[in-house]
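*Asks:* One letter stands for each residue in the lines below.
2 protein chains.
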Amino acid sequence: MKESRFMLRAIELARKGELTTQPNPMVGCVIVKNNTIIGEGWHQSYGGHHAEVEAIKSCKKRFGAKQALKLLQGSDLYVNLEPCSITNNTPPCVDAVIRYGIKRVVCGTLDPNPRINGAGITLLKKAGIKTAIGMLKKECEALNRIFFINQKKARPYIILKAAQSLDGKIALRDGASSWISNSLSRQDTHLLRARVKGILVGKNTALSDNPNLTMRLDYKQLGLKKNTALPQPIKIILGNLTDVKSTKNLFAKNAKVIIGSRGAGLQKRNVEHIQYLRKNFLEEFMQDLLKRGVTSILVEGGQETMNAFISNNLFDELVLYTAPIILGKNSLSGFNSESPIKIKDASALKLQKVETFNSDIKATYFAGTLN
Amino acid sequence: MKESRFMLRAIELARKGELTTQPNPMVGCVIVKNNTIIGEGWHQSYGGHHAEVEAIKSCKKRFGAKQALKLLQGSDLYVNLEPCSITNNTPPCVDAVIRYGIKRVVCGTLDPNPRINGAGITLLKKAGIKTAIGMLKKECEALNRIFFINQKKARPYIILKAAQSLDGKIALRDGASSWISNSLSRQDTHLLRARVKGILVGKNTALSDNPNLTMRLDYKQLGLKKNTALPQPIKIILGNLTDVKSTKNLFAKNAKVIIGSRGAGLQKRNVEHIQYLRKNFLEEFMQDLLKRGVTSILVEGGQETMNAFISNNLFDELVLYTAPIILGKNSLSGFNSESPIKIKDASALKLQKVETFNSDIKATYFAGTLN
Numbered sequence: 001m002k003e004s005r006f007m008l009r010a011i012e013l014a015r016k017g018e019l020t021t022q023p024n025p026m027v028g029c030v031i032v033k034n035n036t037i038i039g040e041g042w043h044q045s046y047g048g049h050h051a052e053v054e055a056i057k058s059c060k061k062r063f064g065a066k067q068a069l070k071l072l073q074g075s076d077l078y079v080n081l082e083p084c085s086i087t088n089n090t091p092p093c094v095d096a097v098i099r100y101g102i103k104r105v106v107c108g109t110l111d112p113n114p115r116i117n118g119a120g121i122t123l124l125k126k127a128g129i130k131t132a133i134g135m136l137k138k139e140c141e142a143l144n145r146i147f148f149i150n151q152k153k154a155r156p157y158i159i160l161k162a163a164q165s166l167d168g169k170i171a172l173r174d175g176a177s178s179w180i181s182n183s184l185s186r187q188d189t190h191l192l193r194a195r196v197k198g199i200l201v202g203k204n205t206a207l208s209d210n211p212n213l214t215m216r217l218d219y220k221q222l223g224l225k226k227n228t229a230l231p232q233p234i235k236i237i238l239g240n241l242t243d244v245k246s247t248k249n250l251f252a253k254n255a256k257v258i259i260g261s262r263g264a265g266l267q268k269r270n271v272e273h274i275q276y277l278r279k280n281f282l283e284e285f286m287q288d289l290l291k292r293g294v295t296s297i298l299v300e301g302g303q304e305t306m307n308a309f310i311s312n313n314l315f316d317e318l319v320l321y322t323a324p325i326i327l328g329k330n331s332l333s334g335f336n337s338e339s340p341i342k343i344k345d346a347s348a349l350k351l352q353k354v355e356t357f358n359s360d361i362k363a364t365y366f367a368g369t370l371n
Numbered sequence: 001m002k003e004s005r006f007m008l009r010a011i012e013l014a015r016k017g018e019l020t021t022q023p024n025p026m027v028g029c030v031i032v033k034n035n036t037i038i039g040e041g042w043h044q045s046y047g048g049h050h051a052e053v054e055a056i057k058s059c060k061k062r063f064g065a066k067q068a069l070k071l072l073q074g075s076d077l078y079v080n081l082e083p084c085s086i087t088n089n090t091p092p093c094v095d096a097v098i099r100y101g102i103k104r105v106v107c108g109t110l111d112p113n114p115r116i117n118g119a120g121i122t123l124l125k126k127a128g129i130k131t132a133i134g135m136l137k138k139e140c141e142a143l144n145r146i147f148f149i150n151q152k153k154a155r156p157y158i159i160l161k162a163a164q165s166l167d168g169k170i171a172l173r174d175g176a177s178s179w180i181s182n183s184l185s186r187q188d189t190h191l192l193r194a195r196v197k198g199i200l201v202g203k204n205t206a207l208s209d210n211p212n213l214t215m216r217l218d219y220k221q222l223g224l225k226k227n228t229a230l231p232q233p234i235k236i237i238l239g240n241l242t243d244v245k246s247t248k249n250l251f252a253k254n255a256k257v258i259i260g261s262r263g264a265g266l267q268k269r270n271v272e273h274i275q276y277l278r279k280n281f282l283e284e285f286m287q288d289l290l291k292r293g294v295t296s297i298l299v300e301g302g303q304e305t306m307n308a309f310i311s312n313n314l315f316d317e318l319v320l321y322t323a324p325i326i327l328g329k330n331s332l333s334g335f336n337s338e339s340p341i342k343i344k345d346a347s348a349l350k351l352q353k354v355e356t357f358n359s360d361i362k363a364t365y366f367a368g369t370l371n
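Here the protein sequences line up with chains A and B, keeping their order. Residue 1 is where the first sequence starts when you use our numbering, and the numbers rise one by one after that. Residue 1 is where the second sequence starts when you use our numbering, and the numbers rise one by one after that.
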């Protein structure tokens with residue numbers, strides 16, 4: 001059996017925290033002695049124990065404290081991300097790793113956080129612990145794309161979502177766009193909403209659709225522990241809202257709303273308006289969102305907004321639902337960006353996953369690199 | 001175990017003839033005694049034995065002629081299509097079924113050929129054989145869509161093929177369309193070509209691209225017996241060709257070409273020109289193709305041609321390769337048909353299969369019904 005199976009298991013464990021760890025990364029940890037797993041754990045939610053500590057705890061629980069101490073001594077630890085060297089909500093993990101006499105630490109990637117980035121490894125080495133970095137690096141990076149983008153690009157992870165006909169149309173000429181995708185696809189978009197900290201639409205979409213922009217799945221549908229409620233994503237509007245009546249669903253239940261626009265903005269309880277001077281303030285707006293804890297956003301339209309993100313090359317993931325219909329020449333195209341001069345100039349996305357919902361196809365593409 | 005597994009096996013066997021049975025249907029046959037398969041076979045190629053006879057032969061080969069006769073007596077026979085009651089290249093299958101004392105015949109569907117359609121079953125019943133029709137009917141119909149369309153609509157089975165960007169564009173404004181899809185996708189289109197008896201393009205595509213329109217896979221790549229050569233599909237042009245020089249690849253190696261157009265047409269060896277009086281002669285052209293043995297065609301473009309088929313609702317399958325690029329607002333849309341008034345009015349295709357070739361997605365849709 002290959003050693004990488006332990007890292008695969010760490011990744012599998014890490015993923016259990018997908019909906020609850022942001023702004024932290026997902027981390028899973030496996031401790032191995034004589035080729036056998038003696039402890040495993042994952043970072044379950046922001047503020048909670050880190051994966052390494054959870055793995056040590058699980059070893060104690062399984063073997064009893066005394067036997068666990070013996071087993072941990074001289075063991076190997078696999079973790080998708082470098083153990084942290086700083087105190088945030090919890091003491092640094094490297095301390096625990098050193099204290100329990102772990103002999104070797106294998107990480108998928110370094111921590112991209114500039115305050116750590118290698119510092120954890122340095123401390124481990126100083127304590128005489130063997131280290132290896134880069135096992136299943138690509139998989140470990142893909143797992144924590146949100147965290148890597150946050151750290152490296154100082155902005156939220158940006159997911160663009162669109163539902164289109166198979167000829168690339170998102171609406172009829174009159175703007176009608178309901179029921180392009182089927183009910184299973186529409187249900188699935190709530191899973192996308194559950195993955196993010198904010199949902200963004202342009203002001204035109206806000207005004208014409210009066211959307212709720214809420215995530216409407218319960219803990220069962222999300223695969224969470226009983227009665228766990230995920231906080232609703234923050235609602236984010238690109239462009240100022242003047243007419244509050246026709247967007248009243250946005251403000252229902254005192255939901256938190258952030259608006260970014262040029263010029264003066266809407267004043268309202270629970271609404272934060274961020275004003276920009278530059279015409280193209282999108283990147284700045286994104287950076288300001290991260291400063292406010294919005295580590296990931298889902299951009300749901302409409303066409304102009306979508307194309308602003310595409311034209312500025314400001315997106316990390318594109319999720320495209322394609323319905324099995326042709327909407328023809330008079331309908332609205334979903335993408336309206338400038339064309340490349342040559343086909344080879346068009347920047348290619350990377351297809352990550354294809355799913356089907358009856359006759360709808362959901363394609364998930366990754367854009368750009370993490371560096 | 002369910003009885004339907006025998007029909008599934010018959011379908012599986014039938015499919016082995018996919019590339020070689022046209023204009024005949026694919027047929028597989030399984031003979032069962034005491035819940036055990038004692039013989040199986042399939043129609044291997046046009047002109048060869050039918051599946052029922054192959055299954056009886058296989059039983060004899062396996063058990064010896066004497067023992068086979070005993071076993072076949074009182075056995076059950078599963079076949080995806082009604083056994084034929086007429087002599088074409090071979091004697092009617094019902095004769096063999098009766099002669100060998102088979103007790104019960106289970107068919108997936110009746111034969112849609114109006115000269116048979118139930119006549120085979122009637123003969124079996126008259127001979128005192130039990131019959132059951134409709135087991136895995138949908139699967140059996142899907143297997144032989146080409147044959148059903150030929151029989152019921154008196155025209156070839158029509159597959160539309162397009163390669164587009166994820167925003168539904170098939171070319172840049174200057175017409176450049178090479179390298180939208182990747183090399184694996186382009187290789188795969190030769191498998192599509194192998195499935196059909198004709199490849200159709202519009203005259204503009206013929207003139208601008210000077211295509212070969214040949215199928216360039218050998219027996220190994222097609223999964224055929226050693227040194228089997230599939231006949232090349234006939235090349236079919238919609239609209240008259242005036243300039244023969246810029247389309248010389250079409251006529252290479254004396255390939256057979258059929259041209260359909262209004263007005264007088266090109267006179268050339270191996271070229272058949274069919275002249276039409278009506279402006280919209282597409283359906284008539286299709287019927288004339290079937291009369292010439294073209295049971296299936298692949299329509300490869302360009303945009304005008306594609307939309308003629310879509311607007312006339314003349315297609316049975318749409319194969320769409322989607323590349324992970326955005327070609328933007330100045331590029332050419334693949335589909336240019338009239339838009340529906342409401343989204344619900346758009347006729348929905350049925351997604352049949354999704355495959356991926358690196359970051360390209362291949363989606364196969366079925367259109368319309370078989371009735």
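It cannot be assumed that every hint is accurate.
You can't tell identical chains apart in this list, so a pair holds if it fits in one copy or across any two.
[Said to hold, decoys possible] Below 27 Å or equal to it, Euclidean Cα-Cα: the simulated DSSO-like pairs (lysine-lysine) are: (1) 220 to 60; (2) 253 to 125; (3) 253 to 344; (4) 103 to 220; (5) 70 to 57; (6) 16 to 61; (7) 279 to 329; (8) 279 to 125; (9) 268 to 60; (10) 353 to 16; (11) 2 to 256.
By construction, these hints were calculated from the structure, which means they are not laboratory data.
*Asks:* None of the hints should be skipped; say for each whether it holds.
*Replies:* A quick look at each hint next to the structure:
1. 220 to 60: neither (30 Å within a copy, 58 Å between copies)
2. 253 to 125: Result: close neither inside a copy nor across copies, 52 Å intra and 71 Å inter.
3. 253 to 344: neither (49 Å within a copy, 33 Å between copies)
4. 103 to 220: Answer is neither: 40 Å inside a copy and 53 Å across each miss the 27 Å cutoff.
5. 70 to 57: Within one copy only: 14 Å inside, 71 Å across.
6. 16 to 61: Within one copy, since 20 Å is at most 27 Å while 57 Å is not.
7. 279 to 329: between (32 Å within a copy, 22 Å between copies)
8. 279 to 125: neither (50 Å within a copy, 82 Å between copies)
9. 268 to 60: Neither. Shortest intra-copy (52 Å) and inter-copy (87 Å) distances fail the 27 Å Cα cut-off.
10. 353 to 16: within (19 Å within a copy, 31 Å between copies)
11. 2 to 256: The answer is neither: 48 Å in one copy and 57 Å across copies each exceed 27 Å.
The structure shown violates the earlier hints numbered 1, 2, 3, 4, 8, 9 and 11.
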